[in-house]
Amino acid sequence: MRQRPPSRRDLIRAAAGAAAPWILPSIARGRGRIPPPSERVTLGMIGAGGRGTWLLPQFLALPDAQCVAVCDPFTDRRERLRSSIEAGYAERAPSGEHHGCTAHNDFRELLAREDVDAVVIATPDHWHVPIATAAVRAGKDVYVEKPLGLAVTWNQALRETVQRYGAVFQYGTQQRSDRNFRHACELARNGVLGDLERIEAWCPGMAAPGWYETTSKGGGSTAPIPVPDGFDYDLWLGPAPASPYTKDRCSEWGAYHVYDNSIGFIAGWGAHPLDIAQWGNGTDGEAPVFVEGKGTINAEGLFDTIRDWDVHCRYANGVTMRFLDARTAQDAVEAYRPFNDHGTTFFGAKGWVSVDRGGIYASDPAWLGHTFGPDDIHLYESGNHYANFVGCVRSRARAVCTVEAAVQSDVISHLGDISIRLGHPLRWDPAAETISGDEAAARLLHRPLRSPWRL
Amino acid sequence: MTRRGRAAALAGLFLACGGLAAAQERPGAAGTIEAAQDRRLERAGTTRDVPLLVERLGDPAAAEAARRALECIPGELALAALRDAIGSTRGVVRTGVVNSLGVRRDRRALEAILPLAAVEDPELAGAAVAALGRIGGPGTGRLLVDLETRLDAARRADLGHAMLECAVVLRAAGDEGEAEAILEILLHPRFPRAVRAGAFLAQMEFGGEPARTLLERALTGGDEDLAEAAVRHLARPAGRGALLALAGRLGGLPAARQERVARLLAAGQLEGRTPAEEAARIRAALPSASRVPPKKPRRLLVYSRCFGFVHDSIPSGEAAFALLGERTGAWTAEVRDDLAAFEVESLRRFDGVLLNNTNNAIFLPEDFESLPPAEQREAEEIDARLKKNLLDFVASGRGLAVIHAGIATFREWPEFGTLIGARFENHPWNAGSTVALKVDDPAHPVAAALRDGAFPAITDEIYQLAAPYGRDRVRVLLSVDLARTEVTPEQESAFRRADRDFPLSYVKGYGRGRVFYNAFGHQHDVFWNPVVLQHWLDGVQFVLGDLPADTTPSAREAGAPPGGLAWQEGPSSLALRKEEDIVWQLVHDEAIGKVYFHPVALLDGTPLTWLNPPDHVWHRSLWFEWKFIDGVNYWEDVPGKGLTAIDVLDTTWGPDGSAVFGMTIDYRPPGGEPVLRELRWIEVSAPDAAGAYRIDWTGTFAALGRDVVLDRTPPADEPGGQSWGGYSGLSVRLAKETRDWRIADSEGRTGLNCHRQPARWIHADFARSDTGREAGIAILDHPANPRHPTPSFVVSQPEQPFVYYSPAPLFDAPLVLRAGEPLTLRYRILIHPGRAAPADLEREWQAFADQALASDSNR
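So the protein lines, in turn, are chains R and B.
When you line the first sequence up against our numbering, it's residues 40 to 494, in that order.
When you line the second sequence up against our numbering, it's residues 66 to 924, in that order.
Please note that the accuracy of each hint is not assured.
[Claimed, not checked] A partial selection of chain R residues facing chain B, derived with a Cβ cut-off under 7 Å:
no.	residue
1	Arg176
2	Gly178
3	Arg203
4	Gly205
5	Arg366
6	Ser434
7	Ala436
8	Pro464
9	Arg466
10	Ala470
11	Pro491
Bear in mind the hints are in silico, worked out from the structure with no lab data behind them.
Note that the Cβ used here is the ideal one computed from N, Cα and C, for glycine as well.
Kindly produce the complete structure, drawing on both the sequences and the hints.
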């Protein structure tokens, strides 16, 4: 006998079933209407820091989604996010008020809620995979911010879990839902540039100008200070090693650059241009077979991830890729197009196309208006990364950036990191998904989780 | 790992046995701040750090970091330390220890973890259950099922996830029966929805009629969770075929489900490669021309009818064989899946047939079972006719090519096995597994694409073939190189073939026709692998009659490691063979608690040693044994003798013919607890060009808890002494068929003059009385051995013959082994053909002494 009362999902299905013969949902028809609450996808927002705060309005804007819970070990951050949610929904409620979003310290409490369909994970990097695997086991679909995992073995475990339970997964590399990026990749995939020969991908490093300057000055404080009230530091650490609390460790930008908690912007920002490189190269299922990285690491201070880098890669299909931080890349990029601090360029036998969030450039401007025929490769079309996820939660179709693709682009960052740290090139075996012929390097693909956490 | 490293590690473990109190309560969590250098051991620690880490496990402040480092250190010793830590740690660290053993999938930990699944601490119990599922293995599923009946509902979620994991692991190991039984249980509504969905998805992977029925039941039945699981299946690439099939009959579904399926169809973004994209990849990988031009325009029937498990790579195969023909002009392909294709008038137009991942009884209608009897009879007549047409087609001089699952077609029709030379058994390597490849017949024209290391490994689903397959029936071109392929115990348990022969490509004749089988074709990407495409082109040209090639069966097992060497693994033995002859064999007979080499032979198989000679049946060829430990006799098989328990930790062997064995041996008096533990490493070198090989034998002995006395029968000059007293230790007993012995030691003595004299090495060479072949065996005593140079014990009685020699460390005095002060004995045994000069042996000894010392100084 079933003990469980009908859940929200049962209600969604029952409501949909009443509308026979079948009617395409609004998302599929591309027409907007606000569905009644029982048909909306309910979301739990896990992580209420900088990224979580930025993501919230993207999801609040979706008519068929509803944020019903937030979670963060910082009391003030989660309360702030809850207020934003209630204020956002109040604006469109006839009564001008909205209640019904709960705030949790512990994500396990949120995951135990039967009435949450999916979670958006925007925690510090070291928590992405452990929370995502727990969420999938709890029956949730997952939107996971980049970078993926603290170790390649974690990525593999998440992929296996998502596949095993048939969860919908969306990776937070929203560039795939931008027309320019898709167009650049379709040019590369269909041979419009001639045979693809090489790729350049670059993004801000630790010391990039702008927002990130704060982290490069002084390298972060290592002086232990008392943990502030209203902050569950042990839970924040979770599977990461127990390290002293300092001023910069848990700040909104600091955790991105501490090796215990992240491998740095080589993955956290690198995920974006690498994701596009993989898409355009048609290698969502495999990482390069050869990776050689050079880079620097701060000699002192808290921030001990790769600061700047120049990583050379070669794929099994012969295509090469250079992956750099923005400062290292600047001269090379400016030689052929206006500089931006991130981007991906595909070089083919006949010319190149280059794309960033500011624009798309090509050696032959006619390519920018190229139309593709029915026999050409057409890449997954998504106009809104967040709506794509919520739509897929409803349809169960696969989202535009799958866990399989996320694993591989993140592997490139890890191989770059390991190569730089060991000071020698690496050979990657895409079939076995391990570093071949180098046991010392292959070991670095795994990190153990602090007790009692497991994947 | 150096010998010294191993010894130190062992010492650490022994310290742990006695010295680790269960002191810590809840260490490791917040409040304990770890030092950064602890992370260094996670990243770069080695076995030699294990003793240090074992000590740290006893320190609440350091235990957690030590546990994590042990998780990362490869090798059996770190695992042994983690297993010990289950009993010696507490609280959250203990949970971590269980997690680590799960991460490492340590089968030996199952027994210790099992009781923890029912403890009160939910965190520890959850970890235990998860680890059990992850480790898996035959029988674990039943343990978990049994647990499920005993645990309360609150723990059902953890257990359900673990059971699902276990089922996945079991199925990967080929234990489909146990896996399916678990999955069936997990479909029950008492399990959480996600677990049920996972079980459903896993059930779908079995394919066939049961999967189709389950899917239908889920989509039409009243169980909402299962309906949702069915939609999850339809949404993934593996369910794409079923989804598209539903598109035409949505009206047959309950209204609530129509909408779900329609939504999925409307989403349109069915992931996976589009046919256009796959075709583009295949086009890019095609060879530009065929090796030989067709003698005339050729027509190839590419046939893909399929029931049961439908490979979703079938369209890839259709594209690949059509494009291969189109690009090279070698044939024109016609892609069909209808029955009429095999009627005589249709077949007449073709020169060859390619079975593209066909499966099961493809000449029957799909709904055969549900037909009225009259129609069934009619269908059976058609089936029989088409089968005969196929046989006639090939026998008359045309060709049949088969890829991958095609070998599982017509499972109930023995003549098909005769036609293609094999039947499908199972797939020890599941989809996505990588195996190393061995080109068995590099000179064969159909193997041309595979030569010169073009194809070292493949990732695919790899089959095991059943009778009538044998190398006496087909000519094997390519097979799995087991020596270079990692085989898990689960895969090992799926092996049915005693010859361990896994062919991947072969050719054979049938009547006047030709047959080519290639096992690839599960993974899509093999269809755009240029080497595979060229190989298929050659294989199809062969069956079409354009590429002449020999179909004489290989007849003999294909070659093995260099020089015709091969490994032969028994349940408790490993032997190096050269062709049919055994060069050496190590036996670890757990039943009698003895470890020995027998035979020790030359490369031509001439045995040099004697197992169980009637005069002293406890002599075991080449072996190590103590005489007395604390007065208990371990040497002879006598009443009241001491007992030894062997635990083989590590057996690795290389393609070159070298091997390493690691084991622990516990010595205990009858009815008592173990008093002495030995860690023994035996490394056997690959035979050199002359056929000589070396066995490096290192035993580290530690008294367990209290001092033990190692003793022997006293020699004649001691009270109660005997003329034969003084022996024990590493010993050689020469074969009955030897003669003309020359015994010599490092100090220039010969024969019985060597007896009881200290020496750095002792050696005997001799001739076989039957063949006259000469050979010798030396035992080199390492300078670091405690009583080096060790007195030799020598027996030379030609009449029996009884020729025995041994470095006997206890000859002159017993030895008290103190608790906590391990003792290490190292020897090298050199087996060589021909006679040996003292100078050669001296050089050998020097090299042995230097090499071991060098590794010590690396510490």
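Evaluation of the provided hints:
{"no.": "1", "hint": "Arg176", "result": "holds (6 Å)"}
{"no.": "2", "hint": "Gly178", "result": "holds (4 Å)"}
{"no.": "3", "hint": "Arg203", "result": "holds (5 Å)"}
{"no.": "4", "hint": "Gly205", "result": "holds (3 Å)"}
{"no.": "5", "hint": "Arg366", "result": "violated (28 Å)"}
{"no.": "6", "hint": "Ser434", "result": "holds (4 Å)"}
{"no.": "7", "hint": "Ala436", "result": "holds (4 Å)"}
{"no.": "8", "hint": "Pro464", "result": "violated (19 Å)"}
{"no.": "9", "hint": "Arg466", "result": "violated (13 Å)"}
{"no.": "10", "hint": "Ala470", "result": "holds (4 Å)"}
{"no.": "11", "hint": "Pro491", "result": "holds (4 Å)"}
This entry does not satisfy hints 5, 8, 9, going by the numbered hints stated previously.
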